[in-house]
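A.B. asks: If you want the building blocks of each chain, they are given just below.
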Amino acid sequence: MVDLNSYLVIGALLFSLGLFGVITRRNGVAVLMGVELILNAANVNFIAFARFGGMDFSGHVFALFVIVMAAAEAAVALAIILNIFNNLGTINIDEADQLKQ
Amino acid sequence: MVVFSKNLIYSAMALLFTLMGVAGLYVFLWADFIAVTQILIYVGGILVLIIFGIMLTHRITNVRLSHSSIQQGVGGAIVLVIFLGLTSMILKAPWYRATAVEPQETVRQIGRLLMIDYLLPFEVASVLLLAALMGAALLSRKVD
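Taken in sequence, the protein lines are chains A and B.
Counting with the working numbering, you get residues 233 to 333 for the letters of the first sequence.
Counting with the working numbering, you get residues 214 to 357 for the letters of the second sequence.
No wet-lab data here; the hints were simulated from the structure.
Just so you know, not all the hints are guaranteed correct.
[To be verified] To give a feel for the contact side, a few chain B residues facing chain A, derived at Cβ under 7 Å:
#, residue
1, Ile-247
2, Gly-288
3, Ile-295
4, Leu-297
5, Val-337
6, Leu-341
7, Ala-349
[Stated by the list, open to error] Short derived list, chain B residues pointing at chain A, Cβ under 8 Å:
#, residue
8, Phe-246
9, Gly-289
10, Thr-319
11, Gln-322
All C-beta atoms, glycine included, are put in the ideal place defined by N, C-alpha and C.
Sequences and hints are given; from them, build the entire structure.
C.D. replies: Put into structure tokens, the structure is as follows:
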């Protein structure tokens, strides 16, 4: 029986894997992929509640907004990563600590 | 695979299949418009952008596209605890269930909601996109 709980568990799994990527990866682009996974987990939850939880089409609209925000975030993050690469010659985010005293 | 693979290109390909799978889930959840949007924007836009980023931030001579991870043990333990907590919470919580009927015209309903009930967030999202595009173009420009 596929119902709300299974979709929520899939969302939790996606979120956990994305969080794992964000906190363990050292490459900036890989961290960005983790963020995309987290946003997808949120979207799965929205659509699952739209289907099972009486949220109806508001869930769809919010999922659309999340997708738009993910696109904007990816563009800006990649611009920042390219700048870091041009200035420091690396995209290892552990080495981007020029602001540290 | 997205977070475990050593090779960054493999990670991107795994992300592609993950996004396709999520789009399939949307189809099962009666959200066909969201599924199509997911494929168009994520697979067609964001993933291409990410692969561009990978290509641009590695020198051509550097064939080693791999990269390392740090502290996988500690991170894995923390994430596992979070996942188990979330799962037990999900299975225990008394969710509100509504019996929905399968919608006939999703696009019309979404458009109606976007243009009437959620007009202000819609406009704010468009302004956000414009600002993000301008910011990205400004940031990635070569300094004169």
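A.B. asks: Against each hint, give a clear statement of whether it holds in the structure.
C.D. replies: Going through the hints against the structure:
Look at Ile-247(B): its Cβ gets to within about 5 Å of chain A, closer than 7 Å, so that hint holds up. For Gly-288(B), the shortest C-beta to C-beta distance to chain A is roughly 4 Å, which falls under 7 Å, so the interface hint holds. For Ile-295(B), the interface hint holds, the least distance from its beta-carbon to any beta-carbon of chain A being 6 Å, beneath 7 Å. For Leu-297(B), the shortest C-beta to C-beta distance to chain A is roughly 9 Å, which exceeds 7 Å, and the interface hint is violated.
Interface restraint check for Val-337(B): the shortest CB-CB distance to chain A comes to about 9 Å, outside 7 Å, so the restraint is violated. For the restraint placing Leu-341(B) at the interface with chain A, the shortest Cβ-Cβ distance is roughly 6 Å, inside the 7 Å limit, so the hint holds. The beta carbon of Ala-349(B) is positioned within 7 Å of a beta carbon in chain A (closest approach about 4 Å), and the interface hint is therefore held. Look at Phe-246(B): its Cβ gets to within about 7 Å of chain A, closer than 8 Å, so that hint holds up.
A hinted interface residue such as Gly-289(B) counts as satisfied when its beta carbon comes closer than 8 Å to some beta carbon of chain A; here the least separation is about 7 Å, so the hint holds. The restraint placing Thr-319(B) at the interface with chain A holds, with a minimum CB-CB distance near 7 Å, inside the 8 Å limit. Taking 8 Å as the C-beta cut-off, the interface hint given for Gln-322(B) holds, the closest approach to chain A being about 5 Å.
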